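Asks: For chain A, the structure is supplied; the task is to place chain B on it using the hints.
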Amino acid sequence: MSNYYTKETMKRFLEPKYFGEMKGADGVGKVGNPKCGDQMTVYIKVKDGKITDASFQTLGCAAAIATSDVVCEMAIGRNTEEALKITQEEMIKKLEKLPAVKVHCSSLAIEGLKKAIDDYEKRK
Amino acid sequence: MKKIYFDYAATTPVDREIIEKIKPFMGEKFGNPSSMHSFGQEALFAVDNAREKVAEFLDCNEREVVFTSSATQANNIAILGTLKKIKNPHVITSSFEHKAVLEPLKESGVEATYLPVYKEGVVRVEDLEKAVKENTVLVSLGYVNSEVGTIQPIGEIGTMIKNLNKQRERKIVYHTDAVQAVNYLPCKVNDLGVDILTLSGHKIYGPKGAGVLFVRENTQISPIFYGASQERKLNPGTENVFAIAGLGFALENIGKYNWEKVKKMRDRIIDVVLSDINGAKLNGSREKRIPNNANITFPGTEGESLMIALDTEGVAVSTGSACASKTLSPSGVLLSMGLSHEDAHSSLRISLGRYTTEEEVDYFLEKLPPIVDRLRKIAGK
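So the sequences go chain by chain: A and B.
Position in the first sequence (from 1) plus 81 gives the number in the working numbering.
Position in the second sequence (from 1) plus 1395 gives the number in the working numbering.
I should point out that these hints are in silico values taken from the structure, not numbers from a laboratory.
Incorrect hints may appear among the rest.
[As the list claims (entries may be wrong)] Mimicking BS3-like on lysine-lysine, the simulated pairs with C-alpha atoms at most 27 Å apart in a straight line are:
{"hint": "1", "chain 1": "A", "residue 1": "Lys195", "chain 2": "A", "residue 2": "Lys175"}
{"hint": "2", "chain 1": "A", "residue 1": "Lys92", "chain 2": "B", "residue 2": "Lys1772"}
{"hint": "3", "chain 1": "A", "residue 1": "Lys126", "chain 2": "B", "residue 2": "Lys1772"}
{"hint": "4", "chain 1": "B", "residue 1": "Lys1494", "chain 2": "B", "residue 2": "Lys1603"}
{"hint": "5", "chain 1": "A", "residue 1": "Lys98", "chain 2": "B", "residue 2": "Lys1772"}
Values in this document were obtained by computation on a predicted structure and should not be read as measured data.
If we strip away everything but chain A, and leave its shape as in the complex, we get (with noise of 0.2 Å):
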């Protein structure tokens, strides 16, 4: 197997635990477009301010499929202002490293988490 991704990365893009459309999320935020190749949406449940579940969809490559699993698992059990506060560094080193290329990835999934406490702050 090739050791472009870590042993992490590869076991979040081969199995991912948080993927999945959400049903009755109370946040929703898509970023990315097709010109660049990844597209991701995040979705977030939150009740009483703190985040209790999250998932995505990612169309993109294994980077970005993997940063979308660790942002969701981040961003559970956080409330909204902390979850805003994740860190590329903390999740690149949740993955123990991203190759430099694919560093962008991570920050995708730090601002489609973004956008989905924005969008449950507007319903708000």
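Replies: Below, chain B without anything else, positioned relative to chain A:
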């Protein structure tokens, strides 16, 4: 786990017999071909022998054969060397050439026309004819596109250029990069009507590190590298004897192999994938195509994901997706054929070769559909 190589268009393994034949040049026969003593002459003999085989294959004079370190280097010499001393030149090429042609052309800064390639991935002779201008000095077209495997009408264009040149003051030099064609298509330079031709050793079951630039005698070309007088001064520097010798043997083997079996397996891949996987589309002409290539778009997936997932099952393929490149823009080849960005990102190139077996094809066809399904599920497509 099985390991299956379906990326022969990227590079080929070296023929085992050739490895044995060239091993001595990595060992005891280490001389420099420019040396007059016996060590040197032994090496020179190997290089000359390879040159003879190239000349035979291309049906040209041995003096017209220049060894290079790669096809990229050969293309750079072809383009920059042809344009070097010419004022206000115009060049015609196609919009889906390899970077080894597009980049030196860009670097030269000259005026260029990029011919359309249409959905079929084939240039049209009439477009070329219309694009010729008074100051056109070079036409450079790949014989076979490296990503989609489509065959360009190189011979037909050669005849046209020959006729045009009869009445022209400024003659047009005609270059083809034949790297992807050598295994499968006739390459006799007089039949093609080319003045300059590029080929590479590692795409034809020879070692990496050797290419060829055929330059017809009396073609206007200036050196872009300087040094001693090796390779008609167009590529000075000590020859890569080992790789050059291997390239010669590899060319000698061309024509001994019957590609019918590979074509049948490739056709089976196309037929099964297109019928079993919803929305899958073949890119480029099916007929005007070398026998080992299939380039397919899988909407709702992303090419790099597909490639990586297949790799975990042991199958090596290639993708035109930006995510697999360092530039983050998708395959320019597919975009120039009119594919949307989304489709270009969703494409795979599957290229078979001499050592491909029916069992490998079965395995691939079994593993691919569930991977596509899974990725589509993740994408919500």
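Asks: Each of the hints needs a verdict: does it hold here or not?
Replies: Going down the list of hints, with the structure as the test:
{"no.": "1", "hint": "A:Lys195 with A:Lys175", "in the structure": "19 Å, holds"}
{"no.": "2", "hint": "A:Lys92 with B:Lys1772", "in the structure": "17 Å, holds"}
{"no.": "3", "hint": "A:Lys126 with B:Lys1772", "in the structure": "21 Å, holds"}
{"no.": "4", "hint": "B:Lys1494 with B:Lys1603", "in the structure": "18 Å, holds"}
{"no.": "5", "hint": "A:Lys98 with B:Lys1772", "in the structure": "13 Å, holds"}
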